[in-house]
Amino acid sequence: MRKKIIPYLLVSPYIVHFIIFVAFPVGFSIYLTFNNWNIISPMEFTGLNNYKRLFQDAVFWKSIFNTLIFLAIHIPLQIIVALFLAELLNQKINFRGFFRAAFFLPVIVSGVVVTILWQQLYGFDTGLINRLLVKIGFEKIGWLTNPNWAMPSIAVMATWKNVGLYIVLFLVGLQTVPPQYYEAAELEGATHMQKFLKITLPMINPTIFMVVVLSTVGGFSLFIEPYVMTGGGPLNSTISAVLYIYKQGFFYYHMGYAATLGLFFAMLILTVVMIQKKFVEKDK
Amino acid sequence: MKKTFLYIFLTAGAVIFLYPFIWMISASLASENEIGGLIFLPSDFTFNSYVQMFNKIPIGKAFVNSMIVSSCVTFGVLVFGSMVGYALSRLEFKGRDLIFYIIIFTMTLPFQITLIPQYILIVRFGWVDSYAGLIVPYLMNALAIIMFRQYFKSIPQDLIDAARIDGCGELRIIFGILWPNSIPVLVTVGIITFMTSWNEVLWPLIVIRNENLMTMPQLVTLFAVGGRAESQLGVKLAAATILALPIVTAYLFFQKYFIQSMASSGMKE
Amino acid sequence: MRTSNFLLLIAIIIIVLSCSSNSHSRRSKIIYWSSNNIEEIEFARYIVDSWNKNNPGDKVTFQPVPEGQSSEEVILAAVVGKTTPDIYSNMWEGDVEAYAEAGTLVALDTLSGFTDFLRERCDSSVIEEVTSLDGHIYQIPWKINPVMLLYNANIVKELGFNTAPRTYSEFFEAAKKFQKDTDGDGYVDRWFGYAEVIVTWWQRFFDFYPLYLAASNGAPLVKSNKAAFNNDAALKVFGFLRELYQKKYFAKERLSARQDVFLDGIIATRFTGSWEISHAEKFKPAGFEYNFSPMPVPDSHKGPVYTYGDPKNIVIFKTCPDPNLAWKFLKFALNEENDLKFLEITNQLPRRKDLNTNPKYASYFKKNPKMEIFAKQAKYVKGTDQSPVLKEVFDIISQEYEACVIYGKKTPQEALNDAEKAVNLLFLK
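If you're matching them up, the sequences are chains A, B and C in order. The numbering of the first sequence is our numbering, which starts it at 43 and goes up by one. The numbering of the second sequence is our numbering, which starts it at 110 and goes up by one. The numbering of the third sequence is our numbering, which starts it at 636 and goes up by one.
Think of the hints as simulated: they come from the structure by calculation, not from any bench. It is possible that some hints are incorrect.
Unchecked claim - Below are the DSSO-like pairs computed for lysine-lysine, each with C-alpha atoms no more than 30 Å apart in a straight line:
no.: 1; chain 1: C; residue 1: Lys919; chain 2: C; residue 2: Lys1011
no.: 2; chain 1: C; residue 1: Lys811; chain 2: C; residue 2: Lys1045
no.: 3; chain 1: C; residue 1: Lys664; chain 2: A; residue 2: Lys289
no.: 4; chain 1: C; residue 1: Lys1044; chain 2: A; residue 2: Lys289
no.: 5; chain 1: C; residue 1: Lys1044; chain 2: C; residue 2: Lys792
no.: 6; chain 1: A; residue 1: Lys182; chain 2: C; residue 2: Lys1044
no.: 7; chain 1: C; residue 1: Lys811; chain 2: B; residue 2: Lys170
no.: 8; chain 1: C; residue 1: Lys976; chain 2: A; residue 2: Lys289
no.: 9; chain 1: A; residue 1: Lys289; chain 2: B; residue 2: Lys365
no.: 10; chain 1: B; residue 1: Lys365; chain 2: B; residue 2: Lys165
no.: 11; chain 1: A; residue 1: Lys289; chain 2: C; residue 2: Lys815
no.: 12; chain 1: B; residue 1: Lys170; chain 2: C; residue 2: Lys694
no.: 13; chain 1: C; residue 1: Lys1044; chain 2: C; residue 2: Lys1056
no.: 14; chain 1: C; residue 1: Lys1045; chain 2: A; residue 2: Lys94
no.: 15; chain 1: B; residue 1: Lys112; chain 2: A; residue 2: Lys240
To be verified - Pairwise CB distance ranges (calculated):
no.: 16; chain 1: C; residue 1: Thr745; chain 2: A; residue 2: Leu51; range: 28 to 36 Å
no.: 17; chain 1: C; residue 1: Glu736; chain 2: B; residue 2: Tyr366; range: 27 to 35 Å
no.: 18; chain 1: B; residue 1: Gly335; chain 2: A; residue 2: Ala232; range: 52 to 60 Å
Said to hold, decoys possible - Looking from chain A toward chain B, a few residues come up when the C-beta cut is under 8 Å (computed):
no.: 19; residue: Pro84
no.: 20; residue: Met85
no.: 21; residue: Ile150
no.: 22; residue: Ser152
no.: 23; residue: Gly153
no.: 24; residue: Ile158
no.: 25; residue: Leu163
no.: 26; residue: Val210
no.: 27; residue: Val214
no.: 28; residue: Leu216
no.: 29; residue: Pro220
no.: 30; residue: Val270
no.: 31; residue: Ala283
no.: 32; residue: Lys289
no.: 33; residue: Gly291
no.: 34; residue: Tyr294
The beta carbon of each residue, even a glycine, is placed where N, CA and C say it ideally should be.
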């Protein structure tokens, strides 16, 4: 009898925690979407109003658009840079440990530090990047103040921060490719490019998929970067999904509407990831 | 020839990744007028920015808060994670698969959906402006459970049977027998949990408004966007440097573990 | 063994949680939050110390309002999280209506002696301004910071002007003369002025709103639950600001992320309040001279020049265990003597009608001629309109401001039409 209870005792803290902090919130969140509530006043049932508002809300659509822009730049850039540097590290070289550690450093540092830092690098007049641009004869760019540049700038910064992790992952992937494969290919006279496309790429496909999924989730979770650097501006060009939830929820205390946004973004993330998964499976 | 190119690219890469940090540190040590034109080292060092920053914000207290919160969260995740991981991998009971699926479901659930209701819960529990509000929601971690489950599966059954014969209870088995044999997974889960908790900003921003309870990244964030730095750039950079210091120091010593842990957690996700 | 082990674990967890959980022990009777700038912290410390010395049985403790993106955001969070202080002295007038509606504030007119006190302190227009829609009064008018034109006196003189620019044309003329590309790289790097370009709603207190009040002689933004700002004055203000940015007289890039550009002579003017005085005195380079003048107005403007007063008021929260004691403390904190002390420590104006006439204050203004400019302006200041959605109204205006003024994507008329439409939608609910 006692033996039978033990497993349940062991998992019971998890179950309690799950019910309080996951199951109940999900249910309550859905209930909230049908209400207006600022926590201090009584809740007010509004039916489908929040949903109607959502579809007419230009900022909501803008935040999705911004996320897509972010992903369109962030994902390819990340894969290319990470693969390139991983390939270099995979050669016979000295100081491999040092280089790997250097590339990895931004990964472990708090995003706050990175954003404060890059805000200075991106500065218009005294920013380092613009000073370099002018020196080599280019025009200054309003990295964070030009609505067309702000989101791409954030995407580049995010790549700088995260790419070290993917370098390491790709390196692991590259090292799983048996050297015989390359030797055989060389015997048949394959070029570098062919070797890469036919041997390397298929072997690291799972890693690429992982980069895509993690970046997608990351893109929809973007918060601290626009919060510190741009506040969502200029012209809402960097307002992200989470920043918009934060603004509606913890700035105006429109809890019902913020919950509706959260629900929608969550569904969107799951859908996008599922589609990406289908893509990879079909590829195989 | 090829080698030379290789090193040129790698060095360029290293410069791109390291230079901003070097700039940050030297700018935080430069005088306020010099920062604008600073490229490498300031002409004369001054700790003025640091002195001002320490006078303006309770950064020391924030460091202690961050330590308390991250340690409690890490401890909880290790203890509960191994308990559940053990039950799922080594014990037979009804509903085991269901619990496993729940854990997988939790892992894929985007946090955007639970953010608002979790905050409301914290309000109702009266945990706004308390350590509990920062710690309790993070005591369980689905990924950690999965990692423990995976690892415990590889431990020989003999070890557990022998302990049972010696009259060990299940908790004894977990913490007395399995833990000493699971150092790699403990280190991995520990590092990831501690780092994630240490670097978290959104949740503290929502739950904590009392300056004396703020975590370090939260305090620095608010310092960077708020008005108290009196538009003194060096002071902001000093705050950022101090914030980076603890984790970077740990990284310098345990670099290999950091990279391995992060990589292995990435693989699983 | 097993169960005891398990119990031990649970006990540890409970201890961890209970140690950490919120224990607001009340060592003092009243908790008071002040604003968190250095000068006001100093004043709060002074006032609390002198109260506690005379009333050791009724101890008051103070704490600066926690850091946040804005104190308004922090207070709202405190109200929601039920972690409000008993007294808060930095309440933005525009927020009071919403809190009063939600029943979180003490109606002060129910406390004995309040009405007489208020009548003695303020004239009828101010009393009207702070009276809520339900007829009660939930706030004590405490202080104002009129927004004025801060200018670099040396530069204005060098440009050949005797006074700071008063009208839009004069402003443009001076701006054109000052604008320069000093290092010859093809970019303007010296602008006549700078206003924060970010969209955060309250930034408009320092550009659009005071200019609008100046141009319209103090007209409201919303009136009887309708947008009231789509008028000639707002049109002129949007046009004025838009031209400043288009001709690059104002910097469009964020300058606030670097050193103080005003003290460095990179800009010549700012729209700001008297708190700049202590900042400037602390950091200004040798020989630097500055002064204040009223906000610029349209060329056709007649009458006094109004501006935004940035009033901050004092409220007592319903969570206060002893509102009468809190009120007694406030009466002490706001008496003639202490208002003078406030003026001396913070360089901000107490909101009382005898500021310019009471001899108590005259010697202060004689010693601080720059503050006298603000005191004179104090006769022509406006607060905000009473509306529970005022923050959203400012947010909408700010969005349109960004599109029209900063990026030139809309004409002023289009921007105002869109803002009016969006604001009226707010009231439909």
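Structure-based check of each hint:
Proposed proximity of Lys919(C) and Lys1011(C) is supported: the alpha carbons are some 25 Å apart, at most 30 Å. Simply put, Lys811(C) and Lys1045(C) have alpha-carbon atoms about 24 Å apart, close enough for the 30 Å limit, and the pair holds. Taking the CA atoms of Lys664(C) and Lys289(A), the gap is near 35 Å; set against the 30 Å cutoff, the hint is violated. Restraint check for Lys1044(C) and Lys289(A): satisfied, since their Cα atoms lie roughly 24 Å apart, inside the 30 Å limit.
Distance hint between Lys1044(C) and Lys792(C) is unfulfilled; the C-alpha atoms sit about 36 Å from each other, more than 30 Å. For the suggested pair Lys182(A) and Lys1044(C), the alpha carbons sit about 21 Å apart, so the restraint of at most 30 Å is met. Restraint check for Lys811(C) and Lys170(B): the C-alpha separation of about 50 Å exceeds 30 Å, so the hint is violated. Annotation: proposed proximity of Lys976(C) to Lys289(A) is violated, straight-line Cα distance about 39 Å (limit 30 Å).
For the given pair, Lys289(A) sits about 39 Å from Lys365(B) by alpha-carbon distance, which is inconsistent with the 30 Å threshold. Taken as a hint, the Lys365(B) and Lys165(B) pair is broken in the structure, with Cα atoms around 37 Å apart against an allowance of 30 Å. Between Lys289(A) and Lys815(C), the direct Cα distance comes to roughly 39 Å. Violation of the 30 Å bound is thereby established for this hinted pair. Proximity of Lys170(B) to Lys694(C) is assessed by CA-CA distance (about 26 Å); at most 30 Å being required, the pair is judged to hold.
The hinted pair formed by Lys1044(C) and Lys1056(C) meets the criterion: a straight-line CA distance of about 18 Å does not exceed 30 Å. Our distance criterion of 30 Å between C-alpha atoms is met by Lys1045(C) and Lys94(A), whose separation comes to about 27 Å. Between Lys112(B) and Lys240(A) the alpha-carbon distance is near 25 Å, which keeps this suggested pair within the 30 Å criterion. Checked against the given bound of 28 to 36 Å, the beta carbons of Thr745(C) and Leu51(A), roughly 56 Å apart, lie outside it.
Checked against the hint of 27 to 35 Å, the C-beta distance between Glu736(C) and Tyr366(B) comes to roughly 55 Å, which is inconsistent with it. Between Gly335(B) and Ala232(A) the beta carbon distance is about 59 Å. The supplied range of 52 to 60 Å therefore holds. For the restraint placing Pro84(A) at the interface with chain B, the shortest Cβ-Cβ distance is roughly 14 Å, beyond the 8 Å limit, so the hint is violated. Here the hint on Met85(A) is broken, as its CB sits about 11 Å from the closest CB of chain B, past 8 Å.
Interface hint at Ile150(A): satisfied, since its Cβ lies 5 Å from the closest Cβ of chain B, which is below the 8 Å cut-off. Given hint, Ser152(A) at the interface with chain B, holds; its Cβ is 4 Å from that chain's nearest Cβ, closer than 8 Å. A cut of 8 Å between beta carbons decides the hint on Gly153(A): the least distance to chain B is about 7 Å, and the hint holds. Here the hint on Ile158(A) is kept, as its CB sits about 4 Å from the closest CB of chain B, short of 8 Å.
The closest approach between the C-beta of Leu163(A) and any C-beta of chain B is roughly 6 Å, which is under the 8 Å cut-off, so the hint is satisfied. Because the closest C-beta pair between Val210(A) and chain B is about 5 Å apart, less than 8 Å, the hint holds. About 6 Å separates the beta-carbon of Val214(A) from the nearest beta-carbon of chain B, less than 8 Å, and the hint is met. For Leu216(A), the suggested interface contact is broken, since its CB lies about 13 Å from the closest CB of chain B, more than 8 Å.
About 19 Å separates the beta-carbon of Pro220(A) from the nearest beta-carbon of chain B, more than 8 Å, and the hint is not met. For Val270(A), the suggested interface contact is upheld, since its CB lies about 6 Å from the closest CB of chain B, less than 8 Å. Satisfaction of the interface hint for Ala283(A) is found here, the shortest Cβ-Cβ separation to chain B being roughly 7 Å, below the 8 Å cut-off. For Lys289(A), the interface hint is violated, the least distance from its beta-carbon to any beta-carbon of chain B being 12 Å, above 8 Å.
At its closest, the beta carbon of Gly291(A) sits 5 Å from a beta carbon of chain B; the interface hint therefore holds under the 8 Å criterion. A distance limit of 8 Å between C-beta atoms decides the matter here; for Tyr294(A) the minimum to chain B is near 12 Å, and the interface restraint is violated.
Comparing the model with each earlier hint shows violations of hints 3, 5, 7, 8, 9, 10, 11, 16, 17, 19, 20, 28, 29, 32, 34; every other hint is respected.
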